[in-house]
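When we follow this note's numbering, the leftmost residue of the sequence shown carries the number 19, and every step to the right adds one.
Honestly, the hints are just simulated from the structure, not real lab data.
Treat the hints with care, as some may be off.
[Said to hold, decoys possible] Computed Cβ-Cβ distance ranges for the label pairs, DEER-style: (1) I168 to F129: 32 to 42 Å; (2) Y207 to I63: 15 to 25 Å; (3) L102 to G76: 47 to 57 Å; (4) I168 to W78: 16 to 26 Å; (5) N152 to E74: 32 to 42 Å; (6) F142 to L205: 32 to 42 Å.
We put the beta carbon where it would ideally sit given N, CA and C, even for glycine.
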Amino acid sequence: MIKYFGLMCMLLLSYAVTAQDNKFSITLAYPLPISDSEFSEYTGIADLGLQYGFYESGPWQLGAALHGAYFVQSSNFVNPTFTLDENVLLFQPKLFATLKIGQGEEFRPFFAVGYTLAIYSVDFNVQNGPPDENEAKGGLNLSAGATVEISNRLFAIAQYDYINFSDTNGGINIDFSKSLGIAKLGLGYRF
19 MIKYFGLMCM
29 LLLSYAVTAQ
39 DNKFSITLAY
49 PLPISDSEFS
59 EYTGIADLGL
69 QYGFYESGPW
79 QLGAALHGAY
89 FVQSSNFVNP
99 TFTLDENVLL
109 FQPKLFATLK
119 IGQGEEFRPF
129 FAVGYTLAIY
139 SVDFNVQNGP
149 PDENEAKGGL
159 NLSAGATVEI
169 SNRLFAIAQY
179 DYINFSDTNG
189 GINIDFSKSL
199 GIAKLGLGYR
209 F
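Could you put together the complete structure from these sequences and hints?
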């Protein structure tokens, strides 16, 4: 699955590099879990996004985006020889609407709706321990945020994602079994 995601990103990126009308953008952000659940103990590593604006009318732009975010948590139990490593990978396809505000259209609030697939894996680092486990859950993703233009192509982004998971039964006890909130701060570049 990750191999196909990488291939799709490479194809979109190669098209974006040759495009001349700035419909593509790429973002790199720091994801920060903001939640009442135990997920706030995870450390966000990175959120990488690729956006394509396919329709524009006046100050409005509609488009599609694909984001991937990575989180980790490591815990030691009893002694340093027994550790538990947890990894969460989020795939987030979305549709978005952006409003360009200001004389130079430098402030752009946006909202998005999409789906999030959370792939959770746990690695038990101990001899004769339980086998490693994996689980995936999905749900509705609502996003809101804004970008501020720094230069002609470079921009800053602030975003909040609310994810409501529809599958909360069975398997591993995932800490974010009902809902999850994530703040993202980063930079982007328009092609």
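Any hints from earlier that this structure breaks? Give me their numbers in increasing order, please.
1
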